[in-house]
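K.L.:
Single-letter residue listing:
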Amino acid sequence: MLMLIWNNIARRRTQSTLTVTITALTVLVFVMVMGIFQTVTQGLALSRERLGADAILMPKYSNAKGDDLLFTAMPENIYMPIEVVEQAKQLDGVAAMSPQFYCQTLALGCCDPGEEARIIGYDPETDFILKPYLDEVHQNGMSETEVIVGNAYEDEDLVGMNYMILGRIFKVVSVLQPTGTGMDSTFFMDWRVAQDMCLESEVLRENWTKKDPHDYISVIMIKFEEGVDPNAFVRQVEESGMECKALLTGDTISDLQSQLEITMKVMFALWAASLLIATLSLVGRFNALAKERKKEIGLLRAIGLKKGQVFGLIIGETCTMALMGGLLGSAIALICMDPVIELLKGAFKLSPSVWSTSLALLCGAAGIALAVVLGFASAVTPALKSASMDPQAAITQGEVN
Amino acid sequence: MEICKLEHIHKDYRMGEIVTPLKDISLTVNKGDFIAVEGPSGIGKSTLLYVMGTLLKADEGIYTYGGKDVSQFNDAQKSEFRAKKIGFLFQDSTMIQALTLRENLIFTQGVGGNKKNLKKVDELLYQFGLEDRADFFPHQLSGGQRRRAMAARCLIHEPELILADEPTNDLDEHWSEEIIRILKEQTTKGTAVVMVTHNSRWAGQATRRLRLEDGVLADIAE
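Just so you know, the sequences run in chain order U and W. Last residue of the first sequence: 401 in our numbering, with the numbers rising by one and none dropped. Last residue of the second sequence: 222 in our numbering, with the numbers rising by one and none dropped.
These are computed hints drawn from the structure, not numbers from a lab. Fair warning: this is a prediction, and the values are worked out from it, not measured in the lab. Using N, Cα and C, we set each Cβ at its ideal position, and we do this for glycine too. Hints may contain errors.
If you want the footprint, here are the derived chain W segments under chain U, 3+ residues with CB under 8 Å [said to hold, decoys possible]:
id, stretch
1, 31 to 44
2, 183 to 191
Simulated crosslink set (BS3-like; lysine-lysine; CA at most 30 Å straight-line) [as the list claims (entries may be wrong)]:
id, chain 1, residue 1, chain 2, residue 2
3, W, K57, W, K68
4, W, K57, U, K307
5, W, K85, W, K115
6, U, K307, W, K116
7, W, K5, W, K57
8, W, K5, U, K210
9, W, K115, W, K23
10, U, K307, W, K115
11, W, K84, W, K119
12, W, K116, W, K68
13, U, K291, W, K85
14, U, K265, U, K223
15, W, K68, U, K307
16, U, K291, U, K307
17, W, K184, U, K307
18, W, K5, W, K119
19, U, K385, W, K85
20, W, K5, W, K115
21, U, K307, W, K85
22, U, K291, W, K120
23, U, K60, U, K171
24, U, K131, U, K223
25, U, K60, U, K291
26, U, K245, U, K223
27, W, K5, W, K189
28, W, K119, W, K184
29, U, K291, W, K68
30, W, K120, U, K385
31, U, K265, U, K211
32, U, K307, W, K5
33, U, K171, U, K131
34, W, K31, W, K68
35, W, K57, W, K31
36, W, K31, W, K120
37, W, K84, U, K385
38, W, K23, W, K119
39, U, K211, U, K60
40, U, K210, U, K89
Turn these sequences into a full structure, and let the hints steer you where they fit.
P.N.:
Listed below in structure tokens is the structure:
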């Protein structure tokens with residue numbers, strides 16, 4: 001029986017190729033939609049979990065957007081007077097706060113990041129964002145020539161390597177765990193070093209001809225005390241007259257999440273439509289195949305095959321082809337996932353988490369399972385019809401009926 | 001020794017009007033019988049073979065095989081019965097398209113749990129002049145080659161009863177004679193053959209000649 005199943009697939013190449021292709025395309029779309037959905041959802045959850053800050057205080061008249069700050073590593077040269085730090089200490093409901101100073105790299109030469117990237121100067125004394133990810137040696141800060149890199153540069157072997165940033169050589173002392181945020185594409189150093197570099201760099205110096213970067217900061221990361229109403233905090237900042245505004249990170253993530261959910265719903269709806277089309281087309285194909293082979297099925301019954309064996313033969317064929325389509329579709333989808341996620345990151349400021357092996361296996365397995373279910377569901381009616389056909393009628397009427 | 005017995009078999013077809021190809025058929029088939037059933041086209045000769053092969057259920061009457069009432073068999077029992085006892089040679093050249101000729105024979109041999117005997121496969125291919133076509137697919141064979149292949153398939157599991165429907169269709173003189181000779185040879189081993197034909201020359205080779213007319217079988221006098 002297995003020989004017949006395999007030969008029916010292998011020797012009816014055109015038919016089999018069509019079936020495998022339809023299944024593979026359906027699975028390909030499913031695995032990609034599922035993979036993207038899972039990655040983005042996990043990324044958002046990871047962002048929420050690892051971001052650390054409940055709110056960000058940023059310059060009042062800055063045009064920088066919250067999602068740019070959080071989810072992209074877009075260099076943002078925004079600054080407010082350092083006095084804001086002292087004023088912020090007077091705010092109610094603040095459990096912890098830490099200023100940060102932003103500047104950016106420029107594409108330089110050998111051993112540099114190779115493209116513009118954000119540099120965040122953080123205050124080791126007050127920091128609560130990076131601390132959870134740092135080893136014991138660097139819990140209390142880094143030297144002037146040390147830097148931490150985000151996980152987008154992902155290779156753990158970077159630790160100990162040198163990077164040239166704005167003309168200075170830095171030694172990488174740590175690579176952060178992935179956060180799914182702009183932190184992953186950021187270099188972190190002591191804020192005083194970052195401020196110094198603004199004066200040392202010929203290009204950046206142009207921005208600081210009349211001002212001293214040591215008198216400025218870019219943002220203040222805020223951690224709320226337990227039970228603080230985030231909206232009340234925003235109002236408090238507005239009413240304080242400070243030169244800053246408050247951005248709730250939770251809101252930004254939730255906004256992005258709801259936008260993504262809508263997008264994903266549309267994608268799933270489109271995928272469901274394609275699944276329906278694939279199912280109908282496979283049902284049509286298997287019905288046609290069963291009719292085409294009516295005489296042969298009559299012969300099989302005449303030489304002694306039982307109804308169950310005929311059913312098993314057709315289901316075996318369709319499920320094998322579906323399995324092949326599932327494997328092919330899943331494999332192509334998994335190969336394409338990395339570039340697609342990169343594309344989405346760039347286009348939509350998404351914050352996908354890492355496309356991990358376990359997630360790839362999960363999506364691939366789900367795709368294969370879907371293919372087999374699709375194959376079975378599409379073939380079950382034609383298979384039942386064929387199996388219960390009157391053998392005499394099948395032989396004598398053949399493909400006429 | 002009796003193989004099977006049909007008693008007062010009646011079969012109607014309802015195709016807008018009622019057609020009754022088998023009105024009252026009674027027939028006993030013994031081991032080694034070579035029975036030829038003659039009659040004009042469309043009279044119901046093939047229907048008789050389908051009933052005897054359990055591919056079609058009679059509306060009335062009793063059909064016993066080896067003393068057992070076949071009409072009481074369920075589908076699985078009928079399938080097993082066909083796989084082990086019956087050898088069909090259909091009027092149409094029907095074969096499993098995705099299998100080569102040799103694979104068709106091997107597959108048929110194995111249905112119903114019969115033991116595979118590759119020597120027997122080769123013997124039959126040689127006997128029917130198909131040894132050089134063993135690895136051809138059905139669509140690569142001529143009509144006559146397909147007919148011979150079907151005859152080989154009919155014998156591959158050494159059935160007790162061969163039901164041959166116009167076995168010489170598509171065959172030249174030589175192979176028509178050869179097929180009849182081979183069928184006759186089977187009867188010497190105890191196999192019974194019921195052959196439907198409208199060719200009196202081949203019917204003349206049978207040990208018993210019957211004519212089906214108006215739904216009733218009648219012996220043709222020598």
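K.L.:
So, for every hint listed, does it hold in this structure?
P.N.:
Checked hints:
no., hint, in the structure
1, 31 to 44, "violated (count 0)"
2, 183 to 191, "violated (count 0)"
3, W:K57 x W:K68, "15 Å, holds"
4, W:K57 x U:K307, "16 Å, holds"
5, W:K85 x W:K115, "14 Å, holds"
6, U:K307 x W:K116, "22 Å, holds"
7, W:K5 x W:K57, "15 Å, holds"
8, W:K5 x U:K210, "117 Å, violated"
9, W:K115 x W:K23, "39 Å, violated"
10, U:K307 x W:K115, "21 Å, holds"
11, W:K84 x W:K119, "19 Å, holds"
12, W:K116 x W:K68, "27 Å, holds"
13, U:K291 x W:K85, "28 Å, holds"
14, U:K265 x U:K223, "33 Å, violated"
15, W:K68 x U:K307, "22 Å, holds"
16, U:K291 x U:K307, "16 Å, holds"
17, W:K184 x U:K307, "33 Å, violated"
18, W:K5 x W:K119, "34 Å, violated"
19, U:K385 x W:K85, "27 Å, holds"
20, W:K5 x W:K115, "28 Å, holds"
21, U:K307 x W:K85, "18 Å, holds"
22, U:K291 x W:K120, "33 Å, violated"
23, U:K60 x U:K171, "35 Å, violated"
24, U:K131 x U:K223, "14 Å, holds"
25, U:K60 x U:K291, "73 Å, violated"
26, U:K245 x U:K223, "15 Å, holds"
27, W:K5 x W:K189, "20 Å, holds"
28, W:K119 x W:K184, "22 Å, holds"
29, U:K291 x W:K68, "35 Å, violated"
30, W:K120 x U:K385, "35 Å, violated"
31, U:K265 x U:K211, "49 Å, violated"
32, U:K307 x W:K5, "26 Å, holds"
33, U:K171 x U:K131, "19 Å, holds"
34, W:K31 x W:K68, "16 Å, holds"
35, W:K57 x W:K31, "23 Å, holds"
36, W:K31 x W:K120, "22 Å, holds"
37, W:K84 x U:K385, "25 Å, holds"
38, W:K23 x W:K119, "44 Å, violated"
39, U:K211 x U:K60, "18 Å, holds"
40, U:K210 x U:K89, "28 Å, holds"
The earlier numbered hints that this structure contradicts are 1, 2, 8, 9, 14, 17, 18, 22, 23, 25, 29, 30, 31 and 38.
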